[in-house]
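Engineer: So the chains spell out like this:
Number of protein chains: 2
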Amino acid sequence: MKAMVVQEGQLQVATVDKPTRKMTELLINVKAVGINRTDIISRKGRGGYLKNPILGVEIAGVVEDNGNDPSIPVGARVMGLVNGGAYAEYAVMPADRAMIIPDHLTFEQAAAIPEVFLTAYQTLFWLGNLQQNETVLIHAGGSGVGTAAIQLAKQVVGATVIITAGSEEKLAYCRQLGADYTINYKEQAFDEHVLEVTDQKGVDVVLDFIGASYYEKNLASLKTDGRWILIGLLGGAKVDQINLQQLMAKRIHLKGTLLTPRSDNYKAALTTDFMQHAYPMFSQQRLKPIVDQVFPLEQAQQAHQYMEDNKNIGKIILTTE
Amino acid sequence: MKAMVVQEGQLQVATVDKPTRKMTELLINVKAVGINRTDIISRKGRGGYLKNPILGVEIAGVVEDNGNDPSIPVGARVMGLVNGGAYAEYAVMPADRAMIIPDHLTFEQAAAIPEVFLTAYQTLFWLGNLQQNETVLIHAGGSGVGTAAIQLAKQVVGATVIITAGSEEKLAYCRQLGADYTINYKEQAFDEHVLEVTDQKGVDVVLDFIGASYYEKNLASLKTDGRWILIGLLGGAKVDQINLQQLMAKRIHLKGTLLTPRSDNYKAALTTDFMQHAYPMFSQQRLKPIVDQVFPLEQAQQAHQYMEDNKNIGKIILTTE
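Residue numbers (my numbering), protein chains in the order written: chain B, 1118 to 1438; chain W, 1118 to 1438.
Hints are supplied without guarantee of correctness; some may be wrong.
Which copy is meant is left open, because identical chains are indistinguishable; a pair holds if it fits in one copy or across any two.
[Claimed, not checked] Straight-line C-alpha distance at most 30 Å; calculated DSS-like pairs for lysine-lysine:
#, residue 1, residue 2
1, Lys1135, Lys1340
2, Lys1168, Lys1340
3, Lys1334, Lys1367
4, Lys1161, Lys1318
5, Lys1340, Lys1161
6, Lys1367, Lys1355
7, Lys1367, Lys1161
8, Lys1405, Lys1355
9, Lys1119, Lys1168
10, Lys1168, Lys1367
11, Lys1303, Lys1340
12, Lys1168, Lys1318
13, Lys1318, Lys1334
14, Lys1355, Lys1340
15, Lys1340, Lys1367
16, Lys1119, Lys1367
17, Lys1334, Lys1428
18, Lys1318, Lys1355
Rather than coming from a laboratory, the hints here were simulated on the basis of the structure.
Just so it is clear, the structure is predicted and the values come from calculations on it, not from any experiment.
Modelling step: build the complete structure from the supplied sequences, incorporating the hints.
Structural biologist: Have a look at this one:
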């Protein structure tokens, strides 16, 4: 089969063996693939989390072999997380992560769901414990996880949503998705704006993809008993001079997380919970996958470059068709 | 009534009005008082958390006026948290925090229970989510909270307990209380020992009373998905540089906490949960209050000095009798 493999840090077309389905796995004919930052990190060889030499952690496609598992028929349209191997014509997926694609969605749209919606769901609700009537600050509002998080925070618990982004176009898009307050971080210190719109109280939850460069401002933006979910380091990892007294006095919960390296059991449990509490909202048109651009599989390298330029709103997708 | 008040940073005997019981409060004839580090911070005027000019957050005594609340009779021996005002002959206590003193315990022993056992319970179980078969690292093992935490971790969930302390006497005492491994931090880098006795895996939970000076070693001692409960800063607050990548890759939950400034509702809920899951173990002799020294109320200043010298194992108590 055709697959994209990394050669000297670049994605190249190659012909490789079809993957072999193990017990409790499905063999999927891949129709579309979502690109994630973890793929870029893996391509550059800076500590990828998965052993699979073929990149990619989420797919949408058609079940080719279900190992006689009657719960997911051959021919079913499914989407879900895979343990690498997505950038290819075929991939295997643990059956307990397969989600049936809602009828009204294309494969390209479906491939834009698993990683970002599951990550946003996990960070907002499992780790952030976001409640009705609470307020969440979502950085990188226009990113894949950002656009998913805005929708989930509004639709699942009706929280107040504040986002940051770097262009007026992104801010306007986030407002369309339901964001209550939007901040252009290039024009305004976001913590000041957050305190202003929250009557100086701050927010209950921060989704932090930025890390070091926002450390002090995130801390200033958080309420007492606030939950600070650290899920990316686009602004660096090293913070000079932190004061633990601030974390203690405000009783902050600072939680680092990553989804890709977690166990199969964790991903299955997260998928199950998501299926119950969020997935039905796609058919109700209350949640929608946000696709920015679709590239042919062979142009995966260009697609990575496009993500690195940070111009996308929502997901970048590869298609095999 | 007689009370100890702060004058120019020193505790002095004074005569003040008896406190007035409000609805849902009990008036208590105070027999014994537990001393806590928060009292020392308040005495020194460095940001006490309570408005009451009389120090002290926990008492044991006899109910003098119950406002006709039939659930706690006049004359009952009770212990519990108070919102300041403990260093006195009388104090008021919200009725939903009053715990009946087990028959076999003296007032001095009972006054050694509320703050440290509730704090240890909260940090180990509510925040640390410590489970059976998990391992906890408890710093300051000989301290009030340390001696309570060792017992609770062993008795409530049967966890493996590793402690640090600064003298052989304290280490031996902690072993008697149930600690599985003890480390003299003056003689050994504790993280190396922790990794050694956990097969290089690290611990699930750290109870951190130390802060800055242990930052790197605590991080090194924690397992992936470890919970790091920050509850004191005996080793300073300022860390020169931190690397958020380490927190994220290990998916650490770093939770700052303090008990005294929390809401009345929180303290009542914590007391209720503690009554159900830990309190019965005092009568079963599976948990015991650890009293190091008892001082007369009038010698509260000397008692503070004794705590500041860090020589105590367990609690320092004031008695009115």
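Engineer: All the hints need checking, so say for each whether the structure fits it.
Structural biologist: We went through each hint and held it up to the structure:
Taking the shortest alpha-carbon separations for lysine 1135 and lysine 1340, neither the intra-copy value of 51 Å nor the inter-copy value of 37 Å comes in at or below 30 Å. Taking CA atoms no more than 30 Å apart as the test, lysine 1168 paired with lysine 1340 passes between copies only; the shortest distance there is 21 Å, against 40 Å inside one copy. Taking the shortest Cα distances, lysine 1334 and lysine 1367 sit within 30 Å of each other both inside one copy (14 Å) and across copies (23 Å). In this assembly of identical chains, the alpha carbons of lysine 1161 and lysine 1318 lie at most 30 Å apart only when taken from different copies (28 Å versus 41 Å within one copy).
For a Cα distance limit of 30 Å, the shortest separation of lysine 1340 from lysine 1161 across copies, 27 Å, qualifies, whereas the shortest one inside one copy, 38 Å, does not. In the homo-oligomer, the alpha carbons of lysine 1367 and lysine 1355 lie at most 30 Å apart both inside one protomer (22 Å) and across protomers (16 Å), since each shortest distance falls under that limit. Proximity of lysine 1367 and lysine 1161 under a CA criterion of 30 Å is satisfied inter-copy only: 21 Å between copies versus 38 Å inside one chain copy. When the C-alpha separation of lysine 1405 and lysine 1355 is checked against a cutoff of 30 Å, the pair qualifies neither within a copy, at 36 Å, nor between copies, at 44 Å.
Taking the shortest alpha-carbon separations for lysine 1119 and lysine 1168, only the intra-copy value of 19 Å comes in at or below 30 Å, while the best inter-copy value is 71 Å. Proximity of lysine 1168 to lysine 1367 under the C-alpha cut-off of 30 Å is restricted to the inter-copy arrangement: shortest distance 18 Å between copies versus 40 Å within a copy. Only within a single protomer do lysine 1303 and lysine 1340 lie at most 30 Å apart by alpha-carbon distance; the minimum there is 24 Å, versus 38 Å between protomers. Within a single copy, lysine 1168 and lysine 1318 get their C-alpha atoms only as close as 45 Å, which misses the 30 Å cut-off; across copies the closest is 21 Å, which meets it.
In this homomeric assembly, lysine 1318 and lysine 1334 come within 30 Å of each other (Cα to Cα) only inside a single copy, at 14 Å, whereas the closest approach across copies is 34 Å. In this homomeric assembly, lysine 1355 and lysine 1340 come within 30 Å of each other (Cα to Cα) both inside a single copy, at 24 Å, and across copies, at 21 Å. In the homo-oligomer, the alpha carbons of lysine 1340 and lysine 1367 lie at most 30 Å apart both inside one protomer (7 Å) and across protomers (25 Å), since each shortest distance falls under that limit. Neither within a single protomer nor between protomers do lysine 1119 and lysine 1367 lie at most 30 Å apart by alpha-carbon distance, with minima of 53 Å and 35 Å respectively.
For a Cα distance limit of 30 Å, the shortest separation of lysine 1334 from lysine 1428 inside one copy, 24 Å, qualifies, whereas the shortest one across copies, 40 Å, does not. With identical chains, the CA atoms of lysine 1318 and lysine 1355 are at most 30 Å apart both within one copy (28 Å) and between copies (25 Å).
When the structure is compared with the earlier hints, violations turn up for hints 1, 8, 16 and for no others.
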